[in-house]
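Undergrad: Construct all of the structure, not just a fragment, from the sequences and the given hints.
Going line by line, the protein sequences match chains A and B. By our numbering, the letter at position 56 of the first sequence is numbered 56, and the numbering carries on one by one without gaps. By our numbering, the letter at position 8 of the second sequence is numbered 8, and the numbering carries on one by one without gaps.
No lab work stands behind these hints: they were computed from the structure. In this text the structure is predicted, and so the values were computed from the model without any measurement.
Just a few of them, taken from the derived set where beta-carbon distance is under 7 Å, the chain B residues facing chain A: (1) R43; (2) L44; (3) Y96; (4) F100; (5) G101; (6) K102; (7) G103.
Computed cross-link-like contacts, SDA-like style, restricted to lysine to any residue with a CA-CA straight-line distance of at most 25 Å: (8) K97/B x S78/A; (9) K102/B x A98/A; (10) K102/B x G105/A; (11) K22/B x R42/A; (12) K97/B x L46/A; (13) K22/B x K57/B; (14) K102/B x D85/A; (15) K9/B x F88/A; (16) K97/B x E26/A; (17) K22/B x L46/A; (18) K57/B x E79/B; (19) K9/B x A39/A; (20) K9/B x D85/A; (21) K97/B x Q62/A.
The beta carbon of each residue, even a glycine, is placed where N, CA and C say it ideally should be.
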Amino acid sequence: SQTIHQWPATLVQPVGSPLSLECTVEGTSNPNLYWYRQAAGRGLQLLFYSVGIGQISSEVPQNLSASRPQDRQFILSSKKLLLSDSGFYLCAWSPIGAEAFFGQGTRLTVV
Amino acid sequence: AQRVTQPEKLLSVFKGAPVELKCNYSYSGSPELFWYVQYSRQRLQLLLRHISRESIKGFTADLNKGETSFHLKKPFAQEEDSAMYYCALQGGGSNYKLTFGKGTLLTVNP
Numbered sequence: 001s002q003t004i005h006q007w008p009a010t011l012v013q014p015v016g017s018p019l020s021l022e023c024t025v026e027g028t029s030n031p032n033l034y035w036y037r038q039a040a041g042r043g044l045q046l047l048f049y050s051v052g053i054g055q056i057s058s059e060v061p062q063n064l065s066a067s068r069p070q071d072r073q074f075i076l077s078s079k080k081l082l083l084s085d086s087g088f089y090l091c092a093w094s095p096i097g098a099e100a101f102f103g104q105g106t107r108l109t110v111v
Numbered sequence: 001a002q003r004v005t006q007p008e009k010l011l012s013v014f015k016g017a018p019v020e021l022k023c024n025y026s027y028s029g030s031p032e033l034f035w036y037v038q039y040s041r042q043r044l045q046l047l048l049r050h051i052s053r054e055s056i057k058g059f060t061a062d063l064n065k066g067e068t069s070f071h072l073k074k075p076f077a078q079e080e081d082s083a084m085y086y087c088a089l090q091g092g093g094s095n096y097k098l099t100f101g102k103g104t105l106l107t108v109n110p
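TA: Quick look at the structure:
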């Protein structure tokens, strides 16, 4: 069966520090991968999605970037965090036109 | 543009009352539409998808292409239905972007 792993669950980082959140999927190949930010009143904001290795689509210009170095690995990064980057980040994978499966999420607090 | 609108942030009903969570979408082609639910302290999970035309936990949703709507309905709400509900759209063909609405928090009171 397919599973999705996202870590860490919580993270506290100082302003200006780098960020790396990792998401991996098991039990499937060539998944579509997504990074979302979930905020109260704003729902799930799509940040990045990827349909294959090295293929990244960015939805919202911001201080973050994404990479897909391997088929089942999706990384959310920042070179220098801002206070406004604080939030709850969700990774998901999906076959086309079918159910999306979500990770447990990462609560990022930038201090 | 691909957009999902859920006009109600909060919806409160009494147990046994009918409930309707509204969802409207904007998409030029033929989209795939979904409803996702997030119960307290649980992961976001699929509730139903329009292509299945099924009823899950008593919920149904009908795609109305003329009104570009995909409202979620249940005739008799239960307390355990209290959760956050998200409407989502994925474009057809080679469009893999999966867009969510802002969500509606449903509270079913005893």
